[in-house]
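Top to bottom, those sequences are chains A and B. Position 83, counted from 1, in the first sequence is what numbering that gives the first Met the number 0 calls 82; the numbers after and before it change by one each time, with no gaps. Position 10, counted from 1, in the second sequence is what numbering that gives the first Met the number 0 calls 9; the numbers after and before it change by one each time, with no gaps.
Each hint should be verified, as a subset may be incorrect.
Which residues of chain A face chain B? A few of them, derived with a C-beta cut under 8 Å, are [as the list claims (entries may be wrong)]:
hint, residue
1, Thr-46
2, Met-51
3, Ser-80
4, Ser-83
Honestly, the hints are just simulated from the structure, not real lab data. For each residue, glycine too, the CB sits at the ideal point set by N, CA and C.
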Amino acid sequence: MKSARVVLGLASVFAATFALAQGSADKRRSGYQDMGEALQKMQDDDTANPGMLFVQLGEQLWSKPAGAANKACADCHASGSMKSVAARYPAIPKDADKPIDLEGRINLCRTANQRAEPLVLESRELLSLAAYVAFQSRGQPIAPPSDPRLGPFREQGGEIYRRRQGQLNLSCAICHDDNAGKKLAGVTIPQAHPTGYPIYRLEWQSLGSLKRRLRNCLVGIRAEAYAYDAPEYVALEVYLMERAKGMPLEAPGVRP
Amino acid sequence: MTNVLVNAPKTAKPGEIVEIKALILHPMETGFRPGTNGRIIPRNIIEHFVATWNGTEIFRMEMSPAIAANPFVSFFAVATESGTIGLRWTGDEGFLVEEQVAIAVG
């Protein structure tokens, strides 16, 4: 009996050290880990995840010619050749001086190579193409480019992230760094890692971009949301992707 | 461009209960919401969903404006014979989508 107790005691010591070892490791959590089991299953099942409808749509659009050049995405990039691409955006294109996000990259390709009108931000077409590209990076670690030109934008993004805004006088950091894991109106505050974008949010009943999600938060703190094409969003994205570096992408994510 | 995702087993034993899951892209506009111009956006929903097994109806569902966009339907059927499961969605504005999946029973 006594020896059994000693063994039990030892086991709990091991358990404690194991917990400590885990504690010192990565504490970052994707929003996926904080949502209910039913929603996790919905995201994991490719025939139940509504985001996959848009991936399917994006795949169809990929081979549809557009613009004056009458070229389809697939004419330059074979279907399924976009692996890991979404994991490294936003990035600064070769001859540019500002970072663009994945949607910006798709529109740049449209205007420069397809010679077509850029797709409207948050339109079904653009979201579907982004979802199709992002889906191909599923499971890949987020890997922001080492481009030194991104530095100032990352700092700007971090500055916005920590800046108090709006009538509630809150910054992103107050909720998502200082109080992440606690409850806000019965909902667990996530750490705000952009792991699943574009996401299918049940509240939206539609697919939406990270920009749309950021706007939601800005409206929530009663701040004036930036215009959809504002550079502030891209700077925030640059910062958030660096913050989530190494975390696996899970696009298209499902969120409540 | 039809946009449907169907999840049904490809094979089943005779008498086995199989689950059939279907997801479809549709806005399910309720007809109660005002648009940005203040006018009511006309109702645009899927009204009926019907499933058949080799032509025989096995499941029918009537949908209402309270159902969310991109409706997901899951139902069960007893596998009796090999053949085709047909799924058919009909609704406002002449909406009609048909999808078929094959199933081998034996």
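Status of the hints after comparison with the structure:
no.	hint	result
1	Thr-46	holds, 4 Å
2	Met-51	holds, 6 Å
3	Ser-80	violated, 22 Å
4	Ser-83	violated, 25 Å
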